[in-house]
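Q: Sequence:
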Amino acid sequence: EELADEEDPIGPDDFIITFAHKSLFYDNLESDVSSETDITLKEVSWFLENYPKKDLFDRVARSYLKMSIRYFGEKWRPPCVAGEHSCFINPYGDVYPCITMNYPLGNLRSDGFSLHGILNNNRSQEFRRKIRETCVTCWTSCEAYPTIIFKPMEFLRDLI
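Numbering (the working numbering), first residue to last: 1 to 160.
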C-alpha cells in the first residue's frame, strides 16, 4: 500500500515475488536466510488478495502465491521440474538443473553450445531419475513457474 502513487501506481502485479533461499551461487550457504513463517504468510496473503486476474500470466502468478501459502504454512512439497523444464547457466557456460543445486550437467562451451544435448545427456537423465530423492524442494519463482506450467494439476484446481 505504501508504494501506491496516484500518477504512476505500483501494484502487486508489478513484482515477481521470490523467497529467501540458500545457494552456492549466492555465497550464502552458511547464512540464516529463512523468513518468519507468520510474517511471510501475512505478506503473501496481502499480495494474493490484491493481485489482479487480467490474463493467464496473472493466473500463474496467483497460483504461485496460493501454493506459497501451502508451501510455508502446510509444509507442502511441490514436484520438481529442474533439469527437465528449467536450468541455470552460469557466466562460464556451466549448466545446472537449478540455482540451488551444485550438480553440473555439462558446459555449453565444451559441449558444442548444445543445451538440448546437455539436458539429454547421461548425467542429466541420471539427475532426473534421482530428483525425487535429492531435491530440497525450494519454492523460488524461477522453479515454481515452470512447475506450475509443466505440472499443472494444482494450477488447474486454482482455476476451478
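Please keep in mind that the hints were generated in silico from the structure rather than gathered at the bench.
The reader is advised that the hints may include incorrect statements.
To be verified - The calculated lysine to aspartate or glutamate pairs, modelled on EDC-like cross-linking and capped at a C-alpha distance of 16 Å, are:
no., residue 1, residue 2
1, K75, D38
2, K53, E84
3, K53, D13
4, K66, D13
5, K53, D14
6, K66, E43
7, K151, E84
8, K130, E84
9, K66, D38
10, K22, D38
11, K54, E84
12, K66, E84
Q: Starting from K151, check that the Cα of E84 is at most 16 Å away, please.
A: holds, 12 Å
Q: Does D14 sit within 16 Å of K53, going by the straight-line distance between their CA atoms?
A: holds, 13 Å
Q: Please verify whether K66 and D13 have alpha carbons no more than 16 Å apart.
A: holds, 15 Å
Q: Does D38 sit within 16 Å of K75, going by the straight-line distance between their CA atoms?
A: holds, 13 Å
Q: Does the alpha-carbon distance linking K130 and E84 stay inside the 16 Å limit?
A: holds, 12 Å
Q: Check the hint pairing K66 with E84 against an upper bound of 16 Å on the C-alpha distance.
A: violated, 24 Å
Q: Verify the proposed pairing of K66 with E43, using a straight-line Cα cut of 16 Å.
A: holds, 12 Å
Q: Between the alpha carbons of K22 and D38, is the straight-line distance 16 Å or under?
A: Answer violated: K22 to D38 is near 20 Å, above 16 Å.
Q: Does E84 lie within 16 Å of K53 when you go C-alpha to C-alpha?
A: Violated, at about 29 Å.
Q: Decide if the proposed pair is consistent with the structure: K54 and E84, CA atoms, cutoff 16 Å inclusive.
A: violated, 29 Å
Q: Between K66 and D38, is the straight-line Cα distance small enough, at 16 Å or below?
A: holds, 15 Å
Q: Given the hint that K53 pairs with D13, does the C-alpha gap stay at or below 16 Å?
A: Given pair K53, D13 holds - Cα atoms ~10 Å apart, limit 16 Å.
In this structure, the hints that do not hold are numbers 2, 10, 11 and 12, in rising order.
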